Amino acid sequence: MCLSVPAKVLEIDGELATVSLGGTTYKASIQLLENVNVGDYVLVHTGFAISKLEEEEALETLKLFDEYEEFNKMLDEEEEKFRKSDKADSE
Amino acid sequence: MKYIDEYRNKVIIDKILEEINKWSKQRIKLMEVCGGHTMSIQRFGIPSLLPQNIQLLSGPGCPVCVTDRSYIDHLIALCRLDNVMICTYGDLIKVPGSTSTLERERASGRNIKIVYSVLDALQFAGTHKDLKIVFAGIGFETTTPATASAILMANKENLSNFFVLSAHKVMPPAMSALIDEGVQIDGYISPGHVSTITGSGIYEPFPEKFNVGCVISGFEPVDLLQSILMLVIQKETGKAKVEIQYKRAVKPEGNLKAKAIINQVFEMRDDWWRGLGILPESGLGISSEFEKFDAEKQFKVEIEPTREDKGCICGEILKGLKNPKDCKLFNKVCSPYNPVGACMVSNEGACHAYYKYRRLEL
Numbered sequence: 001m002c003l004s005v006p007a008k009v010l011e012i013d014g015e016l017a018t019v020s021l022g023g024t025t026y027k028a029s030i031q032l033l034e035n036v037n038v039g040d041y042v043l044v045h046t047g048f049a050i051s052k053l054e055e056e057e058a059l060e061t062l063k064l065f066d067e068y069e070e071f072n073k074m075l076d077e078e079e080e081k082f083r084k085s086d087k088a089d090s091e
Numbered sequence: 001m002k003y004i005d006e007y008r009n010k011v012i013i014d015k016i017l018e019e020i021n022k023w024s025k026q027r028i029k030l031m032e033v034c035g036g037h038t039m040s041i042q043r044f045g046i047p048s049l050l051p052q053n054i055q056l057l058s059g060p061g062c063p064v065c066v067t068d069r070s071y072i073d074h075l076i077a078l079c080r081l082d083n084v085m086i087c088t089y090g091d092l093i094k095v096p097g098s099t100s101t102l103e104r105e106r107a108s109g110r111n112i113k114i115v116y117s118v119l120d121a122l123q124f125a126g127t128h129k130d131l132k133i134v135f136a137g138i139g140f141e142t143t144t145p146a147t148a149s150a151i152l153m154a155n156k157e158n159l160s161n162f163f164v165l166s167a168h169k170v171m172p173p174a175m176s177a178l179i180d181e182g183v184q185i186d187g188y189i190s191p192g193h194v195s196t197i198t199g200s201g202i203y204e205p206f207p208e209k210f211n212v213g214c215v216i217s218g219f220e221p222v223d224l225l226q227s228i229l230m231l232v233i234q235k236e237t238g239k240a241k242v243e244i245q246y247k248r249a250v251k252p253e254g255n256l257k258a259k260a261i262i263n264q265v266f267e268m269r270d271d272w273w274r275g276l277g278i279l280p281e282s283g284l285g286i287s288s289e290f291e292k293f294d295a296e297k298q299f300k301v302e303i304e305p306t307r308e309d310k311g312c313i314c315g316e317i318l319k320g321l322k323n324p325k326d327c328k329l330f331n332k333v334c335s336p337y338n339p340v341g342a343c344m345v346s347n348e349g350a351c352h353a354y355y356k357y358r359r360l361e362l
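One line per chain: the protein sequences are X and W, in this order. The first sequence begins at 1 in my numbering and counts up by one. The second sequence begins at 1 in my numbering and counts up by one.
Hints listed in this document are in silico derivations from the structure and should not be mistaken for laboratory results.
Only pairs whose alpha carbons sit at most 27 Å apart, straight line, appear in this in silico DSS-like list of lysine-lysine:
hint : chain 1 : residue 1 : chain 2 : residue 2
1    : X       : K27       : W       : K129
2    : W       : K15       : X       : K81
3    : W       : K25       : X       : K81
4    : X       : K27       : W       : K113
5    : X       : K27       : W       : K247
6    : W       : K25       : X       : K84
The structure presented is a predicted model; accordingly, all values stated were derived computationally and were not measured.
Could you build the full structure based on these sequences and the hints that come with them?
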């Protein structure tokens, strides 16, 4: 029921937009959103665009992984340091 | 397709799984409360990728599944009136009422149309002045603004033959009710599209009051696994909180315009949920200002006494207490071709998802 799909806005005519869902075009109402422009991606649900997709935020998921990688590297380095200092202590 | 393919990337999925395996030490129970999530989780085989200590449960997130049988009976009573046309989303058509379904009524000649959008129903009302169009308004916060907009448009156009029978519901009361009932959950995989409208504020009480984390998730495998990872990290670090994984679509404040429209047209009321019973302030009725569009008030019909099927355990499945495979009707008497309970009808119901993707392993 709450299925929504990302669609690209191709044309705007007042409160109605023509959107492309992977190449198939539909009419969707954009009355629930502000500042929709041609070229934007929106989530369409039961004929209404309910949210604008943010490119910058979309990349965040992928960016996060570099952060995780760095975080892991840091943890690994820390562990290595502990191991070394443990070794030094026991010697 | 943009915004889909990159969230199905195997390399990223492997990385997240590695992270999950690294972090996850304690047993943890996570519940998804959106039918779309139920479907995606089974479709992409997410449970089979996770370590055994992570258990995923399906909650009351499919609006068709939680709706009272008497609502279907009410629609059936309305469709039997002269000059009435019922417009409904396809999800409802096969849902069993007490003695009939909308599909069976349509086969016997009643005027029932499946629509993709409430706007189609509105258009019918404009072009078929001789008919009274009743739209079956069902769904959570994602769907409610569409119905509300249609009522406002009908009001503006002075349509006197457009009506809505509302079964709209709001999500948080059901999420609280489950915890109050003692269902053990460490975290909620929170509904992504509901949250595009509501924002993240509605989940704040869960970490505060119940120490249950909430991560608002998207619907692709990367989204779901990342949300699971976030909830695992919350559990392992002992910090339950509200986080948004689905940032590309959900803003903390939600969709203010849509929220304002809902508040203008609807008002809160107590409502009945399958498995949970009556929950205070969990449903949305049409406010008196717009009562001329309210099918409940505008049509006086006799609704047959509600009859539930014996043996169906949809109620317990919706609470995460039982699994579809625990039901003795599953894949025997009950299948998508002959559904007994709503969870098998809706393609977002837990039983339907299990039937489609996992029945061979049971």
